[in-house]
Amino acid sequence: MIHIACNIDANFTQHCAVTLVSLFENNKTADICVHIVAPGLPEKDQNILKSLAASYGNEVCFYFPSPELLANFSIRKFGKRISMATYYRCMFSAILPATVDKVLYLDCDIVILGDISEFWNTDLTDYAVGCVEDIGYDDMERYETLKYDSKYSYFNAGVLLINLKYWREHKVDEQCVKYFLAYPERIRYNDQDLLNALLHEHKLFVSLKWNMQDAFYRYGMEKKIEHWPTLKQDLESPVILHYTNKKPWNYDSMHPLRREYYTYLDMTPWRGKRPLLSLKNSLLRFIKLLPYVLKLRKPKYMKLNKQFIITNFAAFALMLFLPTGCRQADGKQDAVQSYRVIKVAASPVEISESYSAAIRGRQDVDILPQISGRIIRLKVKEGERVKTGQVLAVIDQVPYRAALRTAQANVSAAQAKVETARIELRGKQALFDEKVISDYELSLARNQLAVACAELEQAKAQESDARNNLSYTEIKSPSNGVVGTLPYRIGALVGPNMAQPFTVVSDNAEMYAYFSISENMLRRYSARYGSIDSMIAGTPEVGLQLNDGSLYKAKGRIETVSGVVDPVTGTVQIKALFPNPDRELLSGSIGNVILQNPKTEAVTIPMTATVELQDKIIAYRLKNGQAEAAYLTVDRLNDGNRFIVKEGLSVGDTIVAEGVGLVREGMSITPKNETK
Numbered sequence: 001m002i003h004i005a006c007n008i009d010a011n012f013t014q015h016c017a018v019t020l021v022s023l024f025e026n027n028k029t030a031d032i033c034v035h036i037v038a039p040g041l042p043e044k045d046q047n048i049l050k051s052l053a054a055s056y057g058n059e060v061c062f063y064f065p066s067p068e069l070l071a072n073f074s075i076r077k078f079g080k081r082i083s084m085a086t087y088y089r090c091m092f093s094a095i096l097p098a099t100v101d102k103v104l105y106l107d108c109d110i111v112i113l114g115d116i117s118e119f120w121n122t123d124l125t126d127y128a129v130g131c132v133e134d135i136g137y138d139d140m141e142r143y144e145t146l147k148y149d150s151k152y153s154y155f156n157a158g159v160l161l162i163n164l165k166y167w168r169e170h171k172v173d174e175q176c177v178k179y180f181l182a183y184p185e186r187i188r189y190n191d192q193d194l195l196n197a198l199l200h201e202h203k204l205f206v207s208l209k210w211n212m213q214d215a216f217y218r219y220g221m222e223k224k225i226e227h228w229p230t231l232k233q234d235l236e237s238p239v240i241l242h243y244t245n246k247k248p249w250n251y252d253s254m255h256p257l258r259r260e261y262y263t264y265l266d267m268t269p270w271r272g273k274r275p276l277l278s279l280k281n282s283l284l285r286f287i288k289l290l291p292y293v294l295k296l297r298k299p300k301y302m303k304l305n306k307q308f309i310i311t312n313f314a315a316f317a318l319m320l321f322l323p324t325g326c327r328q329a330d331g332k333q334d335a336v337q338s339y340r341v342i343k344v345a346a347s348p349v350e351i352s353e354s355y356s357a358a359i360r361g362r363q364d365v366d367i368l369p370q371i372s373g374r375i376i377r378l379k380v381k382e383g384e385r386v387k388t389g390q391v392l393a394v395i396d397q398v399p400y401r402a403a404l405r406t407a408q409a410n411v412s413a414a415q416a417k418v419e420t421a422r423i424e425l426r427g428k429q430a431l432f433d434e435k436v437i438s439d440y441e442l443s444l445a446r447n448q449l450a451v452a453c454a455e456l457e458q459a460k461a462q463e464s465d466a467r468n469n470l471s472y473t474e475i476k477s478p479s480n481g482v483v484g485t486l487p488y489r490i491g492a493l494v495g496p497n498m499a500q501p502f503t504v505v506s507d508n509a510e511m512y513a514y515f516s517i518s519e520n521m522l523r524r525y526s527a528r529y530g531s532i533d534s535m536i537a538g539t540p541e542v543g544l545q546l547n548d549g550s551l552y553k554a555k556g557r558i559e560t561v562s563g564v565v566d567p568v569t570g571t572v573q574i575k576a577l578f579p580n581p582d583r584e585l586l587s588g589s590i591g592n593v594i595l596q597n598p599k600t601e602a603v604t605i606p607m608t609a610t611v612e613l614q615d616k617i618i619a620y621r622l623k624n625g626q627a628e629a630a631y632l633t634v635d636r637l638n639d640g641n642r643f644i645v646k647e648g649l650s651v652g653d654t655i656v657a658e659g660v661g662l663v664r665e666g667m668s669i670t671p672k673n674e675t676k
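Counting from 1, position 160 in the sequence shown corresponds to residue 160 in my numbering; the numbering is continuous, with no gaps.
There may be inaccurate statements among the hints.
In silico SDA-like links for lysine to any residue, alpha-carbon gap of 25 Å or less [stated by the list, open to error]:
{"#": "1", "residue 1": "K575", "residue 2": "K616"}
{"#": "2", "residue 1": "K102", "residue 2": "K44"}
{"#": "3", "residue 1": "K616", "residue 2": "A345"}
{"#": "4", "residue 1": "K44", "residue 2": "S74"}
{"#": "5", "residue 1": "K460", "residue 2": "I423"}
{"#": "6", "residue 1": "K575", "residue 2": "N547"}
{"#": "7", "residue 1": "K387", "residue 2": "I367"}
Label pairs and their computed distance ranges (CB to CB) [stated by the list, open to error]:
{"#": "8", "residue 1": "T654", "residue 2": "A215", "range": "43 to 53 Å"}
{"#": "9", "residue 1": "M267", "residue 2": "S526", "range": "35 to 45 Å"}
{"#": "10", "residue 1": "Y440", "residue 2": "N497", "range": "43 to 53 Å"}
Hints were generated in silico from the structure; no laboratory data involved.
Glycine is no exception: its CB is placed at the ideal position from the N, C-alpha and C atoms.
Using the sequences provided together with the hints, build the complete structure.
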């Protein structure tokens, strides 16, 4: 499983979608789980990203940490452009699940153009991060300000292979807070400076192709090729392309590979969206490029393709300055176009909501030995079904048998002392009766008997303890269930203080699926049913989508709702119970719990019948043979194919079904056919 992490807000949902689609398209054989830290991200945006991932058989998990987690930080530069959320990447070790030991962090101004498995499999033993050197960074004063030697260089924090195990062991999140509070004046480039200051001696530089930054393509960078022999090849065939300066969605971007962004944008719900659809932006771009085309200014970028600037210039010149009539085929001002259309209708819709879930046995018991020793025999195999009291393994019994014999001998010796003390007491009693000895000597004899009896009880307790320890050499199952992994083999030294349990016995006749929903969503559900208890009782059976995308054959039910909101994620944990008679569900796996809402009559249209421009979703309605833009308010269905139309269309309207990105207001249209 490859774990990816991103930080976003609602302004970057589109760009995150492009990053993820490019990742999925170029890594189709990989199992990928994407962890998105997105406080305040609207549910409709969450559903878009979930649907995109699900369409490739991958998973997205959302985290909603409290802003208080960043209370000690502040934006030091680019205040209008940079969000405080950038600091969440410093806190990943606290935000992401403890089961995730490594994660690849990606900024969302990135496209993935190849297989990342080589990068993912980089050995990070003893390193905090795998990262790419910022070879365009030559600000020597920054090293002096950050108080470390320039020989360690500087890395770009937009692509980081993070060793979370290292971060947790060394408390990197706490170090970040302490450093920022102690030296805020040193920080200029926010979390990137912070991470360089703390991790410059604990980083591993990797190939430039894993983070090809804007500066690498700049004019004059050719002179650095002799120092970085792979730079030329990496420039032409990057794997991770990072738009660190002007973004491709900016009208004035001149990046030679900006079109790669739009290749993947058109695989998302934002297909067809372009900054240059605006005449104003086209004109501004033309003005911006003109000095470079006329060679009045030096080019900003290397010419990977010598024609790319001239070609763009010619295209914009034609668009801006040719007479309008020349743009129409055969001089026609308004050629009639033919498009497939559909008639809008209402139908019963069952809206489902999907939530990432962790699957656990009804009772997962960590098995830890109660005594220390070396394993001499394993009596079960991984995955074997066991019963209560069944022996799982045997620890070397020799020292514990010897300890028991010693304890038994001590009991015998103590019993002999008791008998001797009794004889002494009887003799002293006879002498006292004859007034030969004093009361003191008689009392002393009585006390010696009491001490001997106490020593006997102590010896018996030690014997019992030794017998118990001998019995503990047989590690037994405390419950019925299935044996998990057995990380310790014959000869391994085990004991009660092991960091990792000997094994886990999972009672998997029934399985729990743990998932979380936002506090606001919980309030909606409880309002619908009247109370949380009524919600638990009244919620329809829930479904379970397995990690491979298939649906589990049995339905489950909500069993409990946590009474506490997680202060880090802002969510409430819910537990659903699923039957597991065939042991198809395994403890520790992941999936998605599917909650079904009651069926309602709703107007739905395919996503292909819409286009999104300037954050508005538009469909084109046919009116008197011409296209009329209808601005829609929609909800997205989890099937990833349809919208529920809340406002903007009525039952019976005829709309363009395909090719909507080419349609314009007032265009004459001839329907190819009409379907419902």
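Okay, the hints, checked on the actual structure:
1. K575 <-> K616: violated (37 Å)
2. K102 <-> K44: violated (29 Å)
3. K616 <-> A345: holds (22 Å)
4. K44 <-> S74: violated (29 Å)
5. K460 <-> I423: holds (22 Å)
6. K575 <-> N547: holds (18 Å)
7. K387 <-> I367: Answer holds: K387 to I367 is near 14 Å, not above 25 Å.
8. T654 <-> A215: 43 to 53 Å: Given range 43 to 53 Å: holds, Cβ gap about 51 Å.
9. M267 <-> S526: 35 to 45 Å: The hinted range 35 to 45 Å holds for M267 and S526, with Cβ atoms some 38 Å apart.
10. Y440 <-> N497: 43 to 53 Å: The hint (43 to 53 Å, Cβ to Cβ) holds, given that Y440 and N497 are roughly 51 Å apart.
When held up to the earlier numbered hints, the structure conflicts with 1, 2, 4 and fits the remainder.
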